[in-house]
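**Q** First to last, the sequence lines map onto chains V and X.
In terms of my numbering, the first sequence is numbered consecutively and its last residue is 852.
In terms of my numbering, the second sequence is numbered consecutively and its last residue is 498.
If you are wondering where the hints come from, they were derived from the structure by calculation, not from laboratory data.
Be aware that one or more of the hints could be misleading.
Restricting the straight-line Cα-Cα distance to at most 30 Å, the calculated cross-link-like pairs of lysine-lysine (DSBU-like) are [what the hints assert, rightly or not]: (1) X:199 x V:747; (2) V:747 x X:327; (3) V:636 x X:327; (4) V:749 x V:697; (5) X:327 x V:630; (6) V:636 x X:199.
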Amino acid sequence: MKNNSSRNKILNRVKKSLNIQSTSITNNPEIDINIDQELKKITPSGKELLIEQFRDEVEKVSGEFIFVPTLLEASKPIVDIFNSEGVLEIATTAESECIEIAKYISQKFSKIKFFSTADYTEDNRKIKFTDINTSIVNASYAIADIGSVVFCYDKTLTSYPHFLSDHVIVLVNENDVVANQFELFTKLDMETAKNMVIVAGPSRTADIEKVLVLGAHGPRKLTVILYRGKN
Amino acid sequence: MELSPKEIKSKVKSAIKDDSLRKAVYNATVSTGVTRERIISEIPYWEKLRSKAHLIKKETIDNLDKYLELFEKKCIENKINVHWAVDSKEARDIILKIAKEKEVTRIVKSKSLTTEEINLNDELVNSGIETLETDLGEYIIQLKKQAPSHLIIPALHLSKEDVGKLFEEKLNIEYTSDPKKLLKVAREKLREKFLIADMSVTGANFGIAESGAFCIIENEANAHLSISLPKIHVALMGIEKMIPDIKALPYFLKLLAPSATGQKSSTYVNLVGGPSREKYNEGPEEVHIILLDNGRSKILEDQDLRETLYCIRCGACLNACPVYQEIGGHAYNWVYMGPIGITLIPQYLGEIEGKHAPYLSSLCGACYEVCPVKINLPEHILKLREKVVEKGASNIFEKTGMKIWSFAAQRTKIYRFLSWFPTKIQKLLPNGKSFPAPGYYKERILPEFDSKGFRKRFYELERSSKNEK
Numbered sequence: 622m623k624n625n626s627s628r629n630k631i632l633n634r635v636k637k638s639l640n641i642q643s644t645s646i647t648n649n650p651e652i653d654i655n656i657d658q659e660l661k662k663i664t665p666s667g668k669e670l671l672i673e674q675f676r677d678e679v680e681k682v683s684g685e686f687i688f689v690p691t692l693l694e695a696s697k698p699i700v701d702i703f704n705s706e707g708v709l710e711i712a713t714t715a716e717s718e719c720i721e722i723a724k725y726i727s728q729k730f731s732k733i734k735f736f737s738t739a740d741y742t743e744d745n746r747k748i749k750f751t752d753i754n755t756s757i758v759n760a761s762y763a764i765a766d767i768g769s770v771v772f773c774y775d776k777t778l779t780s781y782p783h784f785l786s787d788h789v790i791v792l793v794n795e796n797d798v799v800a801n802q803f804e805l806f807t808k809l810d811m812e813t814a815k816n817m818v819i820v821a822g823p824s825r826t827a828d829i830e831k832v833l834v835l836g837a838h839g840p841r842k843l844t845v846i847l848y849r850g851k852n
Numbered sequence: 030m031e032l033s034p035k036e037i038k039s040k041v042k043s044a045i046k047d048d049s050l051r052k053a054v055y056n057a058t059v060s061t062g063v064t065r066e067r068i069i070s071e072i073p074y075w076e077k078l079r080s081k082a083h084l085i086k087k088e089t090i091d092n093l094d095k096y097l098e099l100f101e102k103k104c105i106e107n108k109i110n111v112h113w114a115v116d117s118k119e120a121r122d123i124i125l126k127i128a129k130e131k132e133v134t135r136i137v138k139s140k141s142l143t144t145e146e147i148n149l150n151d152e153l154v155n156s157g158i159e160t161l162e163t164d165l166g167e168y169i170i171q172l173k174k175q176a177p178s179h180l181i182i183p184a185l186h187l188s189k190e191d192v193g194k195l196f197e198e199k200l201n202i203e204y205t206s207d208p209k210k211l212l213k214v215a216r217e218k219l220r221e222k223f224l225i226a227d228m229s230v231t232g233a234n235f236g237i238a239e240s241g242a243f244c245i246i247e248n249e250a251n252a253h254l255s256i257s258l259p260k261i262h263v264a265l266m267g268i269e270k271m272i273p274d275i276k277a278l279p280y281f282l283k284l285l286a287p288s289a290t291g292q293k294s295s296t297y298v299n300l301v302g303g304p305s306r307e308k309y310n311e312g313p314e315e316v317h318i319i320l321l322d323n324g325r326s327k328i329l330e331d332q333d334l335r336e337t338l339y340c341i342r343c344g345a346c347l348n349a350c351p352v353y354q355e356i357g358g359h360a361y362n363w364v365y366m367g368p369i370g371i372t373l374i375p376q377y378l379g380e381i382e383g384k385h386a387p388y389l390s391s392l393c394g395a396c397y398e399v400c401p402v403k404i405n406l407p408e409h410i411l412k413l414r415e416k417v418v419e420k421g422a423s424n425i426f427e428k429t430g431m432k433i434w435s436f437a438a439q440r441t442k443i444y445r446f447l448s449w450f451p452t453k454i455q456k457l458l459p460n461g462k463s464f465p466a467p468g469y470y471k472e473r474i475l476p477e478f479d480s481k482g483f484r485k486r487f488y489e490l491e492r493s494s495k496n497e498k
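Start from the sequences, fold in the hints, and give me the full structure.
**A** Structure (structure tokens):
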């Protein structure tokens with residue numbers, strides 16, 4: 622097989638070349654570098670300060686941050702967004718938090734229709750969800766020091782509402798906020814970490830004369846609603 | 030691409046004379062440098078991060094065979110099809126074969142320098158497959174039929190007016206130079222293409238050996254749409270992009286975004302660990318990864334230059350380089366440019382073919398200062414110059430010049446005379462006229478010689494310091 626011979630050829634060349642010991646020119650005296658102490662120094666101590674940092678960083682990456690005491694109370698700012706944007710169709714994932722919010726809002730506002738990815742399969746999901754401008758999704762984690770939200774596909778089972786809508790509203794449980802990416806990757810098991818995305822704000826580009834424009838190919842707006850979780 | 034010294038010289042000369050190009054390149058590189066500085070000032074452990082990333086890369090590259098085999102094994106477990114390509118042609122053939130077997134007619138691509146390296150687009154288009162770049166900068170230069178001029182900002186050399194005119198001509202829209210309106214046009218055109226594409230081709234920033242997954246970092250979400258909408262996803266990755274495991278990834282994430290774009294974090298960090306359709310009922314049915322050698326295993330042979338394979342393609346060295354700031358990316362005439370480019374060109378293409386490259390540097394060391402993985406670029410550039418000379422590839426003027434210098438340097442009186450003579454000649458030249466030295470034009474004037482000379486100045490200093498004591 623041609624490809625197999627290429628595999629062996631490349632690996633043999635690599636092995637042959639590696640027989641020569643490398644010398645790293647860089648003067649690097651610290652062989653065992655540990656940044657834990659430095660990270661600790663700049664990580665806010667306590668949940669409240671961590672959330673404050675998360676809020677600041679979300680805003681720095683052009684996201685909007687809203688804090689609510691409970692998950693169901695997230696419905697109020699969400700309905701305000703719907704009213705101000707004239708939204709009647711909402712995309713959601715099939716995660717329990719999204720279902721709960723959708724159910725609650727639908728009971729009060731019958732005009733607003735929710736569309737869950739679970740009700741659509743393969744190609745018709747792609748078509749349907751590209752037409753819906755607003756979505757509500759749930760973050761698997763949030764990262765305080767970079768104002769990011771994390772979506773693990775093993776939990777979300779989709780990424781269409783996260784990327785195809787113009788305005789993405791992300792629900793974040795305060796217990797899922799981690800300090801930084803180092804902490805995130807110690808929390809995630811290897812299997813979950815294989816299929817995921819870390820998102821910092823709405824999509825953007827500065828490809829024309831370095832002028833920053835939000836809403837490149839993905840969401841134009843990202844609203845993070847953080848709610849108090851049950852301990 | 031033509032890499033003859035004549036071609037390169039003429040490109041460099043015309044770049045230096047193009048004021049609007051120089052202004053665009055200078056503004057973009059300097060502003061990125063400033064935002065980079067601001068962001069890293071908020072990361073007090075930046076230097077430790079650089080050292081750690083350097084060590085992780087050293088460990089991976091020094092054991093690359095083991096990590097490649099582990100990556101392959103884990104990818105297969107994750108149902109990712111693994112292909113190996115010795116050179117550009119083989120990589121193109123693999124992609125074309127996949128496309129033909131699946132009767133692909135439309136491909137969306139997300140920004141990938143490696144696909145530029147193998148010159149993929151022409152091959153696909155010549156085979157009748159519609160191939161569209163989806164990163165805004167890449168889309169612009171594809172419409173303009175140009176190559177990228179920067180590793181991260183491909184259309185850095187174009188002004189918003191240039192882009193406005195291009196869109197007016199190619200996309201039949203009313204002229205506008207407003208980046209927001211231009212982006213809106215591109216977004217609408219491309220969204221449609223994402224939805225109907227049969228296959229996507231992307232690069233990959235990191236291959237995670239222990240997970241059998243790979244990472245794609247971006248800001249526009251075009252890479253995400255490319256990997257989640259078409260039924261087939263093909264990723265092309267150089268064999269040097271390995272990292273050992275997922276715990277190593279945050280070091281590189283922390284370094285890459287500030288170095289590349291002056292952001293604390295890139296907007297999207299995508300991790301791909303297999304076809305998602307079976308698991309999540311959407312996205313690709315097939316994921317392929319092509320591991321490209323194309324000269325990389327040869328680079329490993331040199332125990333010092335091996336370090337150039339640590340590069341994470343952030344472009345920080347380009348932004349810091351005074352030569353790149355003056356000539357932009359096209360003058361290098363190859364896919365990789367700037368300080369990292371000039372080390373890779375002779376290594377990939379051979380010291381004879383790429384002999385001009387190591388000389389496109391002032392050896393000021395700014396590239397080493399900013400490199401997030403501490404590649405000692407000035408050392409490598411010097412070593413490559415040595416290799417060019419050893420191969421006998423330096424030009425006749427350089428050879429003769431060095432012989433004359435060597436002769437004079439061994440004879441004090443002659444050397445003194447040769448150091449003194451130009452200072453006298455210079456005084457005879459009309460005001461503002463540059464001393465006639467190779468490489469110096471009206472845009473780049475040779476500074477005035479010091480009429481005292483080093484020896485006189487040294488003795489004066491010595492005397493004054495003695496007097497002070």
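**Q** Can you list which hints this structure breaks, lowest number first?
**A** 2, 6
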